[in-house]
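2 protein chains.
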Amino acid sequence: MSLSIKDILQQKPIGTTQEVKGWVRTFRSNRFIALSDGSTIKTLQLVVDFENLEEGLLKKIATGAAIRAKGDLLSSQGKGQDVEIHVTDLEVLGESNPEEYPLQPKKHSMEFLRDIAHLRMRTNTFGAVMRIRHHLAYAVHDYFHKKQFFYLHTPIITGSDAEGAGEMFNVSILDKKNPPLTEEGNIDYSKDFFAKETNLTVSGQLEAELGAMALSKVYTFGPTFRAENSNTSRHLAEFWMIEPEVAFNDLNANMDLAEDFLKHVIRYTLENCGDDLEFLESRLKEEEKSKPEKDRSEPLREKLQFVVDNNFRRVSYTEAIDILRNSKPNKKKRFNYLIDEWGADLQSEHEKYLVQHFNAPVILFDYPAKIKAFYMRLNEDEKTVRAMDILFPGIGEIVGGSQREERYDVLRGKMNDFGIDEKELDWYLDTRKFGSCVHSGFGLGFERLVLFVTGMTNIRDVIPFPRTPGNAEF
Amino acid sequence: MSLSIKDILQQKPIGTTQEVKGWVRTFRSNRFIALSDGSTIKTLQLVVDFENLEEGLLKKIATGAAIRAKGDLLSSQGKGQDVEIHVTDLEVLGESNPEEYPLQPKKHSMEFLRDIAHLRMRTNTFGAVMRIRHHLAYAVHDYFHKKQFFYLHTPIITGSDAEGAGEMFNVSILDKKNPPLTEEGNIDYSKDFFAKETNLTVSGQLEAELGAMALSKVYTFGPTFRAENSNTSRHLAEFWMIEPEVAFNDLNANMDLAEDFLKHVIRYTLENCGDDLEFLESRLKEEEKSKPEKDRSEPLREKLQFVVDNNFRRVSYTEAIDILRNSKPNKKKRFNYLIDEWGADLQSEHEKYLVQHFNAPVILFDYPAKIKAFYMRLNEDEKTVRAMDILFPGIGEIVGGSQREERYDVLRGKMNDFGIDEKELDWYLDTRKFGSCVHSGFGLGFERLVLFVTGMTNIRDVIPFPRTPGNAEF
Numbered sequence: 001m002s003l004s005i006k007d008i009l010q011q012k013p014i015g016t017t018q019e020v021k022g023w024v025r026t027f028r029s030n031r032f033i034a035l036s037d038g039s040t041i042k043t044l045q046l047v048v049d050f051e052n053l054e055e056g057l058l059k060k061i062a063t064g065a066a067i068r069a070k071g072d073l074l075s076s077q078g079k080g081q082d083v084e085i086h087v088t089d090l091e092v093l094g095e096s097n098p099e100e101y102p103l104q105p106k107k108h109s110m111e112f113l114r115d116i117a118h119l120r121m122r123t124n125t126f127g128a129v130m131r132i133r134h135h136l137a138y139a140v141h142d143y144f145h146k147k148q149f150f151y152l153h154t155p156i157i158t159g160s161d162a163e164g165a166g167e168m169f170n171v172s173i174l175d176k177k178n179p180p181l182t183e184e185g186n187i188d189y190s191k192d193f194f195a196k197e198t199n200l201t202v203s204g205q206l207e208a209e210l211g212a213m214a215l216s217k218v219y220t221f222g223p224t225f226r227a228e229n230s231n232t233s234r235h236l237a238e239f240w241m242i243e244p245e246v247a248f249n250d251l252n253a254n255m256d257l258a259e260d261f262l263k264h265v266i267r268y269t270l271e272n273c274g275d276d277l278e279f280l281e282s283r284l285k286e287e288e289k290s291k292p293e294k295d296r297s298e299p300l301r302e303k304l305q306f307v308v309d310n311n312f313r314r315v316s317y318t319e320a321i322d323i324l325r326n327s328k329p330n331k332k333k334r335f336n337y338l339i340d341e342w343g344a345d346l347q348s349e350h351e352k353y354l355v356q357h358f359n360a361p362v363i364l365f366d367y368p369a370k371i372k373a374f375y376m377r378l379n380e381d382e383k384t385v386r387a388m389d390i391l392f393p394g395i396g397e398i399v400g401g402s403q404r405e406e407r408y409d410v411l412r413g414k415m416n417d418f419g420i421d422e423k424e425l426d427w428y429l430d431t432r433k434f435g436s437c438v439h440s441g442f443g444l445g446f447e448r449l450v451l452f453v454t455g456m457t458n459i460r461d462v463i464p465f466p467r468t469p470g471n472a473e474f
Numbered sequence: 475m476s477l478s479i480k481d482i483l484q485q486k487p488i489g490t491t492q493e494v495k496g497w498v499r500t501f502r503s504n505r506f507i508a509l510s511d512g513s514t515i516k517t518l519q520l521v522v523d524f525e526n527l528e529e530g531l532l533k534k535i536a537t538g539a540a541i542r543a544k545g546d547l548l549s550s551q552g553k554g555q556d557v558e559i560h561v562t563d564l565e566v567l568g569e570s571n572p573e574e575y576p577l578q579p580k581k582h583s584m585e586f587l588r589d590i591a592h593l594r595m596r597t598n599t600f601g602a603v604m605r606i607r608h609h610l611a612y613a614v615h616d617y618f619h620k621k622q623f624f625y626l627h628t629p630i631i632t633g634s635d636a637e638g639a640g641e642m643f644n645v646s647i648l649d650k651k652n653p654p655l656t657e658e659g660n661i662d663y664s665k666d667f668f669a670k671e672t673n674l675t676v677s678g679q680l681e682a683e684l685g686a687m688a689l690s691k692v693y694t695f696g697p698t699f700r701a702e703n704s705n706t707s708r709h710l711a712e713f714w715m716i717e718p719e720v721a722f723n724d725l726n727a728n729m730d731l732a733e734d735f736l737k738h739v740i741r742y743t744l745e746n747c748g749d750d751l752e753f754l755e756s757r758l759k760e761e762e763k764s765k766p767e768k769d770r771s772e773p774l775r776e777k778l779q780f781v782v783d784n785n786f787r788r789v790s791y792t793e794a795i796d797i798l799r800n801s802k803p804n805k806k807k808r809f810n811y812l813i814d815e816w817g818a819d820l821q822s823e824h825e826k827y828l829v830q831h832f833n834a835p836v837i838l839f840d841y842p843a844k845i846k847a848f849y850m851r852l853n854e855d856e857k858t859v860r861a862m863d864i865l866f867p868g869i870g871e872i873v874g875g876s877q878r879e880e881r882y883d884v885l886r887g888k889m890n891d892f893g894i895d896e897k898e899l900d901w902y903l904d905t906r907k908f909g910s911c912v913h914s915g916f917g918l919g920f921e922r923l924v925l926f927v928t929g930m931t932n933i934r935d936v937i938p939f940p941r942t943p944g945n946a947e948f
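From first to last, the protein sequence lines are chains D and V.
All letters in the first sequence, in the order written, are residues 1 to 474 by this note's numbering.
All letters in the second sequence, in the order written, are residues 475 to 948 by this note's numbering.
Everything labelled a hint here was simulated from the structure, so no lab data went into it.
Some hints here could point you the wrong way.
[What the hints assert, rightly or not] Chain V is nowhere near these chain D residues, computed Cβ spacing over 10 Å in every case:
# : residue
1 : Glu-281
2 : Pro-393
3 : Met-415
[Said to hold, decoys possible] Below, simulated DSS-like cross-link-like pairs (lysine-lysine); rule was C-alpha separation at most 30 Å, straight line:
# : chain 1 : residue 1 : chain 2 : residue 2
4 : D       : Lys-6     : V       : Lys-620
5 : D       : Lys-146   : V       : Lys-777
6 : D       : Lys-433   : V       : Lys-620
7 : V       : Lys-806   : D       : Lys-177
8 : V       : Lys-544   : D       : Lys-146
In this text, a Cβ means the ideal position worked out from N, Cα and C, and glycines have one as well.
Please construct the entire structure, taking both the sequences and the accompanying hints into account.
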């Protein structure tokens, strides 16, 4: 099998004959082709002998064309590359009419590229983002596998609406125009595919807990959905979530796991995605040129290295409220939501302040029970729960987790308080009835992680085909 | 951090003090606890000194209870284990009332266990299946990663209904009882979340092709859906699919990839899931005891080794039809669908016959264009397409793939023939317009693979929470 461009540039087998296939990025002076095959952000230089090339062929060598080229790999005399192929055999496999091809070698806006998401992976920026996304996903699987976690596929279509993590998409095969009705005139879901009303999952956590109570350590990595009309640069209607769940772990062990995990996967990209990160780093620098110096972000790889090198600051909610209450932006009423008293829900502006205040990733823990989900472990103070959120520079919350309420009676009581039907979740309650134990887990929105690592600013640009209100193209 | 039971049984650190946490499988003679933590199918023997144990505590040591135990790890004098812990400190973390706990140490039917899928992962059989499922998933990611493929998350919610791979689930947030209507009285999807009608994906292939035309080698591994009312042991409404797609690969390279890939992941389980496979192998043997000898399957690991060791037989559709037409079951009219002439669609009975005939996994290729999808590469004979199906002993089709039609005009023609709206798939056509090239890929239903490797007979038993007609529990 022939070598990829990544292999050729790494191994530099000078003096060998190589055959490569890829897409023309640029063609200059009728002589130098920059060829990409997507295996790396770098292009391979092909030198063609235009005097001996048929003119018809020469014309077809245009940006975006697919070609096959063969020749000797030699040291390059030119700047910018160590090796190049001196082409003796060239074939254009698929043309690309320069009048029509939307991706010309110039800067395109992110908005324009979103409209042609079917082609944008061919650009430097999206190629880099997609390769880093791959490496992050691989690092996730590899991390958990080596720590003896089992990958659990929790259901996507769910009959339970209990977690209350957000608005849900309904899944149905009923005729929308003439749906079957019950005698009372309601939709007769017994006629639907699953003989009940079903939705797309908002989280695999409850099912992951079932796995953890059997296999001790499990994790999910699958799509989750929110039918929320949030047209922001931070929200997707369809996104991928990672949810580890560990039996016998308390909240401290949970924090240890989350911190170690995040550092590992970020370190992995620093070690394995150098070229792509370098490109995105200079892209970001270029983007921010027009900003005043104080508003510019630090160099991408330095930001990542900082997270890897430093302990996350663990701060209780109560302590955080104190800090926020006495902060300048609170006193000067610069926060949109002023912090008056204990119990307030933290907004993204507060999270950002805290990260800046500590100049480190922050783990907030022990939140008021009232602002967190029913399944979180109630502390002895009966006011707070063993919840944690991890806040990252620039993007705010990246991880949310908790120790779970393992006491049957307390959990039942909480479900009642939250108005959750016990019958709906009898299977969940069963785990507290039979061999219950302390256990904990967390959720990480994968796109938030990709956003952080790539330094991109809009979450629609870190997933191949984003789903947002009004948009389900491709 | 404390060692898992798997670690303890492998490393045997005799003479050290160990603390373990897990669930009681059995407790006999008031003395021997078989403890499971799910890390392995094996249990760890704990020896308790019942004379010095409080009676209240002793009573709570029941099947299913969660416990923490500490003591010295010593060589075991008893049969069945090398090491055991002599417990000096024991705590019951979560009780399990034997009167209520459904999983008692006896044989339960698969049907019963399906009803309590929230607990069944605690059994030997489902623990083994879930661990093997994990290892297979890991092997998939690891295989493609090492071959420089990029993992691509193709969309789950899709606005296009073009592939025609099967019935789809509708995704909507419209009020079913009072849906918004257009002036013509139709459902007004412009008011829906995505401002158009959307469904759950049946395949990520078309989007994977977009990835391959930019990054050369990509694969998907995500959930796919079929709203088909198939209540069989081979069908799920929600299942996970793996779809690699490679630019510049023709059908032969595609077959090579599929064969190498399947052998790799199966070999991986033979090397890494020995204990679980051994258990499932004897389980299967036990299950088939009552069958006449000739109907019994070969030992599980031998079956897997056979696939790893042997070349898959590559047979053209035309040759296969000849074989089937002249076969005994065809002549004696024992097939439900008799094979009369070239062009017939192959049924599962024919696929099974071919696998037996060749006594090997079979790759069928070059199918009639009429019975295959529009995107498959038309051969020069203009009658057949470069499709391939891989047939495995016992389960029939496990992989379906093809070389894709890379010629713009031919593809457009095929879309017209198949009644597919060009405007719906203009993005797909664009890849044939700009830098098109030969490319190929295939799809593998992950649960079919788990079914094959584990020797289970019902596909509902190889996914944690199966979705089938009338069933979306948990």
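Structure-based check of all given hints:
1. With a least CB separation of 21 Å from chain V, D:Glu-281 remains clear of the 10 Å interface cut-off, as annotated.
2. With a minimum CB-CB distance of about 25 Å to chain V, D:Pro-393 clears the 10 Å threshold, and the non-interface call stands.
3. Residue placement check: D:Met-415 keeps its beta carbon more than 10 Å from all beta carbons of chain V (closest about 16 Å).
4. A hinted pair counts as satisfied when its Cα atoms are at most 30 Å apart, and D:Lys-6 with V:Lys-620 qualifies at roughly 13 Å.
5. As the CA atoms of D:Lys-146 and V:Lys-777 are separated by approximately 28 Å, the hinted pair is consistent with the 30 Å bound.
6. For the hint pairing D:Lys-433 with V:Lys-620, the CA-to-CA distance comes to about 44 Å; that exceeds 30 Å, so the pair is violated.
7. Under the criterion of a C-alpha separation no larger than 30 Å, the hint pairing V:Lys-806 with D:Lys-177 is inconsistent with the structure, at around 50 Å.
8. Our distance criterion of 30 Å between C-alpha atoms is met by V:Lys-544 and D:Lys-146, whose separation comes to about 25 Å.
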